[in-house]
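Based on the provided sequences and hints, a complete structural model is requested.
Protein chains: 2
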Amino acid sequence: MSFDILQAKILDKQNPTVVGLDPLPDYVPRHIMDRHIADKGETLKAAADAFYEFNCGLIDALDDIIPAVKPQSAYYELLGAAGVQSFKKTADYAKAKGLYVIADVKRGDIGSTAEAYSAAYLGGVKIGGTELFPFDFDAITVNGYLGSDGITPFLETSIKRDKAIFVLVKTSNPSSAELQDQEIGGRTLYTVVGDLLAELSKDTVGAFGYSRIGAVVGATYPDELKRLRQRLRHTFFLVPGYGVQGGGASDAAHAFDDRGCGAVVNSSRAIICAWKKTGNSGRDYAEAARSEAIKMRDDLRGVICFK
Amino acid sequence: MSFDILQAKILDKQNPTVVGLDPLPDYVPRHIMDRHIADKGETLKAAADAFYEFNCGLIDALDDIIPAVKPQSAYYELLGAAGVQSFKKTADYAKAKGLYVIADVKRGDIGSTAEAYSAAYLGGVKIGGTELFPFDFDAITVNGYLGSDGITPFLETSIKRDKAIFVLVKTSNPSSAELQDQEIGGRTLYTVVGDLLAELSKDTVGAFGYSRIGAVVGATYPDELKRLRQRLRHTFFLVPGYGVQGGGASDAAHAFDDRGCGAVVNSSRAIICAWKKTGNSGRDYAEAARSEAIKMRDDLRGVICFK
Numbered sequence: 001m002s003f004d005i006l007q008a009k010i011l012d013k014q015n016p017t018v019v020g021l022d023p024l025p026d027y028v029p030r031h032i033m034d035r036h037i038a039d040k041g042e043t044l045k046a047a048a049d050a051f052y053e054f055n056c057g058l059i060d061a062l063d064d065i066i067p068a069v070k071p072q073s074a075y076y077e078l079l080g081a082a083g084v085q086s087f088k089k090t091a092d093y094a095k096a097k098g099l100y101v102i103a104d105v106k107r108g109d110i111g112s113t114a115e116a117y118s119a120a121y122l123g124g125v126k127i128g129g130t131e132l133f134p135f136d137f138d139a140i141t142v143n144g145y146l147g148s149d150g151i152t153p154f155l156e157t158s159i160k161r162d163k164a165i166f167v168l169v170k171t172s173n174p175s176s177a178e179l180q181d182q183e184i185g186g187r188t189l190y191t192v193v194g195d196l197l198a199e200l201s202k203d204t205v206g207a208f209g210y211s212r213i214g215a216v217v218g219a220t221y222p223d224e225l226k227r228l229r230q231r232l233r234h235t236f237f238l239v240p241g242y243g244v245q246g247g248g249a250s251d252a253a254h255a256f257d258d259r260g261c262g263a264v265v266n267s268s269r270a271i272i273c274a275w276k277k278t279g280n281s282g283r284d285y286a287e288a289a290r291s292e293a294i295k296m297r298d299d300l301r302g303v304i305c306f307k
Numbered sequence: 001m002s003f004d005i006l007q008a009k010i011l012d013k014q015n016p017t018v019v020g021l022d023p024l025p026d027y028v029p030r031h032i033m034d035r036h037i038a039d040k041g042e043t044l045k046a047a048a049d050a051f052y053e054f055n056c057g058l059i060d061a062l063d064d065i066i067p068a069v070k071p072q073s074a075y076y077e078l079l080g081a082a083g084v085q086s087f088k089k090t091a092d093y094a095k096a097k098g099l100y101v102i103a104d105v106k107r108g109d110i111g112s113t114a115e116a117y118s119a120a121y122l123g124g125v126k127i128g129g130t131e132l133f134p135f136d137f138d139a140i141t142v143n144g145y146l147g148s149d150g151i152t153p154f155l156e157t158s159i160k161r162d163k164a165i166f167v168l169v170k171t172s173n174p175s176s177a178e179l180q181d182q183e184i185g186g187r188t189l190y191t192v193v194g195d196l197l198a199e200l201s202k203d204t205v206g207a208f209g210y211s212r213i214g215a216v217v218g219a220t221y222p223d224e225l226k227r228l229r230q231r232l233r234h235t236f237f238l239v240p241g242y243g244v245q246g247g248g249a250s251d252a253a254h255a256f257d258d259r260g261c262g263a264v265v266n267s268s269r270a271i272i273c274a275w276k277k278t279g280n281s282g283r284d285y286a287e288a289a290r291s292e293a294i295k296m297r298d299d300l301r302g303v304i305c306f307k
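Chains A and B, in that order, are what the protein sequence lines are. Read in this note's numbering, the first sequence has 40 at position 40, and its numbers run on one by one without any break. Read in this note's numbering, the second sequence has 100 at position 100, and its numbers run on one by one without any break.
FYI, nobody ran anything at the bench for these hints, they're computed from the structure. All C-beta atoms, glycine included, are put in the ideal place defined by N, C-alpha and C. It cannot be assumed that every hint is accurate.
Claimed, not checked - Result set (EDC-like, lysine to aspartate or glutamate): computed pairs, CA atoms no more than 20 Å apart in a straight line:
#1 K126(A) x D257(B)
#2 K40(B) x E131(A)
#3 K126(B) x D298(A)
#4 K126(B) x D92(A)
#5 K126(B) x D26(A)
#6 K126(A) x E42(B)
#7 K126(A) x D26(B)
#8 K45(B) x D26(A)
#9 K277(B) x D203(B)
#10 K45(A) x D136(B)
#11 K45(A) x D34(B)
#12 K40(A) x E131(B)
#13 K126(A) x D34(B)
#14 K45(A) x D92(B)
#15 K45(B) x E42(A)
Said to hold, decoys possible - Which residues of chain A face chain B? A partial, calculated answer using Cβ under 7 Å:
#16 L44
#17 A74
#18 E77
#19 V84
#20 G128
#21 P134
#22 Y145
#23 D149
#24 P174
#25 T204
#26 V205
#27 A207
To be verified - From chain A, some residues computed to sit far from chain B (all C-beta separations above 12 Å):
#28 G57
#29 G80
#30 D223
#31 D284
#32 K307
What follows is the structure, encoded as structure tokens:
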């Protein structure tokens with residue numbers, strides 16, 4: 001089962017880190033970007049190819065120490081169709097290197113539209129008599145504001161193709177309290193959402209004890225994270241907010257159960273932009289990312305006991 | 001201002017319809033799909049080119065009677081990067097034909113990621129010294145579950161580039177009540193969201209009286225639609241749920257203010273798949289769409305009094 005595969009990779013590397021592959025034009029070292037611009041002009045295609053080269057270098061430098069990557073779709077959509085092509089190629093490259101790939105797309109819609117999103121990212125589409133798989137990620141993030149008929153199409157595709165989803169529950173941003181912390185008959189909205197996910201996916205629990213619907217819960221709200229971990233025993237957590245956003249390892253530690261299982265902690269900029277602090281103009285970007293990723297791994301190992 | 005432009009187009013055509021360009025492979029008549037498959041094989045590219053040809057035919061048949069189109073991103077993402085290219089080309093074609101183009105992407109994220117989405121769909125990105133505009137839609141839909149810091153980046157780009165957004169408030173699907181109708185201190189969640197949007201955009205009201213943040217409110221919930229119209233006087237409504245989903249013209253009519261302004265009503269399948277009911281294998285798909293769109297226009301004119 002999809003989350004069993006992810007959990008096994010985490011235990012194998014003894015590292016619950018997922019690296020966010022979230023490039024922006026100025027996150028890519030000049031020597032890479034300039035070469036693609038020299039070749040293809042100041043175009044979206046040049047930047048998209050630079051993103052892909054940058055990502056491949058990061059993946060090569062990290063694939064023996066991390067279990068998973070999480071490309072954030074927004075940064076690729078920013079380069080139009082050429083960017084989306086690099087998003088897909090990045091995912092394929094990461095999968096070929098043995099990494100679990102979570103597409104951070106935060107999609108959410110209803111009925112046939114949710115089915116189209118599920119088919120796009122987790123399933124396939126039939127053109128004539130041929131079934132094609134446009135992206136084929138291992139998991140995606142989903143926004144559940146529309147209710148269960150906006151979530152079940154993703155769950156159904158996940159079951160059919162051994163995939164998984166992470167639905168936004170308590171996000172890491174400063175404004176997340178505005179709606180998510182509102183009280184509804186004694187429960188916060190994020191708790192209502194969390195309970196709904198647990199209910200929808202209760203028949204999909206795998207060997208490690210997690211269902212196919214995971215939850216996004218920010219490390220920036222450690223108390224909420226702790227309470228949700230106790231409440232949602234069969235829910236795998238994707239934890240943003242570590243590092244640049246202010247969450248520490250001891251905050252993120254609340255996401256793990258007493259076996260040291262059940263969560264991945266994301267870091268993006270701190271790792272992929274680590275080269276900006278070394279003073280070498282980015283020629284050492286892969287090495288800089290690797291040493292930052294090792295630092296994060298050891299930071300998390302210090303507070304999580306893998307059993 | 002963006003919604004003034006939309007409202008002027010609605011009054012010009014005396015028609016508040018937005019046509020959803022939401023193709024699926026089997027919505028495209030065989031003679032179009034087969035020709036592209038014969039040329040490019042059973043590939044995503046063949047289907048994407050077929051989508052674009054189908055859309056251009058629809059736009060040509062409709063551009064003198066409708067003010068706006070709303071391509072739904074999911075159906076293009078279903079065809080990967082090739083589909084995203086057709087999404088962009090469809091938007092460009094519709095704009096060239098004088099239509100207002102709403103991209104139904106329902107994006108929502110935080111901080112720099114929300115900025116990237118805003119830049120992708122409403123703004124631009126700098127590659128080297130050149131600013132490029134990856135999509136350049138007139139407006140997009142946004143999911144606001146993350147709170148105001150997930151909405152303001154879209155608003156800021158909208159102000160800078162004379163664009164607009166529609167945030168999900170009360171969606172048209174059967175499960176929308178599960179979360180959106182929950183009571184929070186005397187208000188439903190969707191009312192809390194609606195009030196938040198009005199507050200965030202109160203300084204952006206244009207000549208027709210609407211701010212840059214519109215709301216998505218389904219015609220399938222006419223009582224809620226009526227109450228929201230009364231409450232959110234400066235909010236432009238995008239109304240799904242008419243037709244196939246069960247909302248009638250008299251339901252949708254609640255979205256309009258007493259000048260007959262302030263809303264667009266969406267229809268997708270009923271118009272773009274109208275050819276399936278004529279028994280001509282789709283060779284008349286454009287004419288079938290046109291007569292269905294005229295029927296819808298006249299249906300809405302029967303209940304809305306444009307002043």
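Hint check:
1. K126(A) x D257(B): violated, 44 Å
2. K40(B) x E131(A): Roughly 15 Å separates the two Cα atoms, so the pair holds.
3. K126(B) x D298(A): With a Cα-Cα distance of about 37 Å, the restraint between K126(B) and D298(A) is violated, given a limit of 20 Å.
4. K126(B) x D92(A): With Cα atoms ~27 Å apart, K126(B) and D92(A) exceed 20 Å; violated.
5. K126(B) x D26(A): holds, 10 Å
6. K126(A) x E42(B): Given pair K126(A), E42(B) holds - Cα atoms ~9 Å apart, limit 20 Å.
7. K126(A) x D26(B): This hinted pair holds, its Cα atoms lying about 10 Å apart.
8. K45(B) x D26(A): violated, 31 Å
9. K277(B) x D203(B): With a Cα-Cα distance of about 47 Å, the restraint between K277(B) and D203(B) is violated, given a limit of 20 Å.
10. K45(A) x D136(B): Judged against 20 Å, a Cα distance of about 17 Å means the pair holds.
11. K45(A) x D34(B): Roughly 30 Å between the alpha carbons, so the hint for K45(A) and D34(B) is violated.
12. K40(A) x E131(B): Cα-Cα ~15 Å, so holds.
13. K126(A) x D34(B): holds, 13 Å
14. K45(A) x D92(B): The given pair, whose Cα atoms are some 19 Å apart, holds under the 20 Å limit.
15. K45(B) x E42(A): violated, 25 Å
16. L44: For L44(A), the interface hint holds, since the closest Cβ of chain B sits about 6 Å away, which is under 7 Å.
17. A74: For A74(A), the interface hint holds, since the closest Cβ of chain B sits about 4 Å away, which is under 7 Å.
18. E77: holds, 4 Å
19. V84: holds, 4 Å
20. G128: Check passed: Cβ of G128(A) comes within 4 Å of chain B, closer than 7 Å.
21. P134: Interface hint status for P134(A): holds (4 Å vs cutoff 7 Å).
22. Y145: Constraint on Y145(A) satisfied, holds at 4 Å.
23. D149: At about 4 Å, which falls below the 7 Å cut-off, the nearest Cβ of chain B leaves the hint on D149(A) intact, so it holds.
24. P174: holds, 6 Å
25. T204: Interface hint status for T204(A): violated (19 Å vs cutoff 7 Å).
26. V205: Status violated, d = 22 Å.
27. A207: violated, 30 Å
28. G57: About 20 Å separates G57(A) from the closest Cβ of chain B, which puts it past 12 Å; holds.
29. G80: violated, 4 Å
30. D223: Per Cβ check, D223(A) is outside 12 Å of chain B; nearest 18 Å; holds.
31. D284: Holds, because the least Cβ-Cβ distance between D284(A) and chain B comes to about 23 Å, which exceeds 12 Å.
32. K307: Given a closest Cβ separation of 34 Å, the condition holds.
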